[in-house]
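J.: Each residue of the sequence shown is one higher than the one before, counting from 770 in our numbering.
Treat the hints as calculated values from the structure; they're not laboratory data.
In this text, a Cβ means the ideal position worked out from N, Cα and C, and glycines have one as well.
Computed list of lysine to aspartate or glutamate pairs in DMTMM-like fashion (alpha-carbon distance at most 20 Å, straight line): (1) LYS846 to GLU858; (2) LYS918 to GLU771; (3) LYS863 to GLU905; (4) LYS918 to GLU905; (5) LYS863 to GLU832; (6) LYS863 to GLU837; (7) LYS918 to GLU810; (8) LYS918 to ASP815; (9) LYS846 to ASP856; (10) LYS863 to ASP913; (11) LYS918 to ASP774; (12) LYS918 to GLU781; (13) LYS863 to ASP889; (14) LYS918 to ASP770; (15) LYS863 to GLU878; (16) LYS918 to ASP814; (17) LYS863 to ASP815; (18) LYS863 to GLU835; (19) LYS918 to ASP889.
Across the chosen pairs, the derived CB separations fall in these ranges: (20) THR871 to PRO963: 36 to 46 Å; (21) PRO963 to GLY911: 44 to 54 Å; (22) ARG849 to ALA930: 27 to 37 Å; (23) MET943 to ALA778: 16 to 26 Å; (24) PRO945 to ARG842: 12 to 22 Å; (25) GLU969 to ALA915: 36 to 46 Å; (26) ALA778 to GLU853: 26 to 36 Å; (27) ARG960 to GLN775: 31 to 41 Å; (28) SER780 to TYR964: 39 to 49 Å.
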Amino acid sequence: DEARDQAAAASEGPVVLADTSDNAGSGGPSDTTFVLRRILERGIDDVVSGFYWDPIAVRFCQEAGEGERIPLRIGGKACRDSGEPLDLEVEIRKILPAARQTLGDTVVEMGVSVWVSLGDIDIVLNSIRTQVLSPEGFSQFGIDLAARKLVVIKSIQHFHAGFAPMASQIIYAMPPGPTVSDFTVPRYGARQTPYWPLVEDPFAED
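Using the sequences provided together with the hints, build the complete structure.
T.: Have a look at this one:
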């Protein structure tokens, strides 16, 4: 909520908000719904968000076709840390059979991917799980990120080089999720304590 308040207070966009707690590059499923749910609950508009790894939702969109309006259940499928799925009435804006993004010279496949809209909230769904690496992941659909107020991406840091030139500011958020990076909270079953930052000096003598 603090990150979203900061984004909403910005005088100009686009503000890029990184959902660091659901990063596919760290092992996250990329299907958590916590940030998107709060955006909807708080009535925040002019938002682009992605990527949501949801092959089931993608397949429903393929079956319905571009331009159709359908009820669609998005996210909240992969694990207990994914949150509850969102049941939305969306318009299928564009379907790409082989979406991709690049990071330097590396091409990263996104698989069959779909752009759906709910009012002025745009969501990108993909069938091959990957973190957001480049604005190309959105622009290939025809989404103009530079014209938007808030861009919410599932990534921790690899996105920065591509998004920084267009962003009015970049905010790192830590909502619930499977890749929460608060290492002061013990999350390990086998890791022996003490370790930093749980302990200020793990090598200190007792």
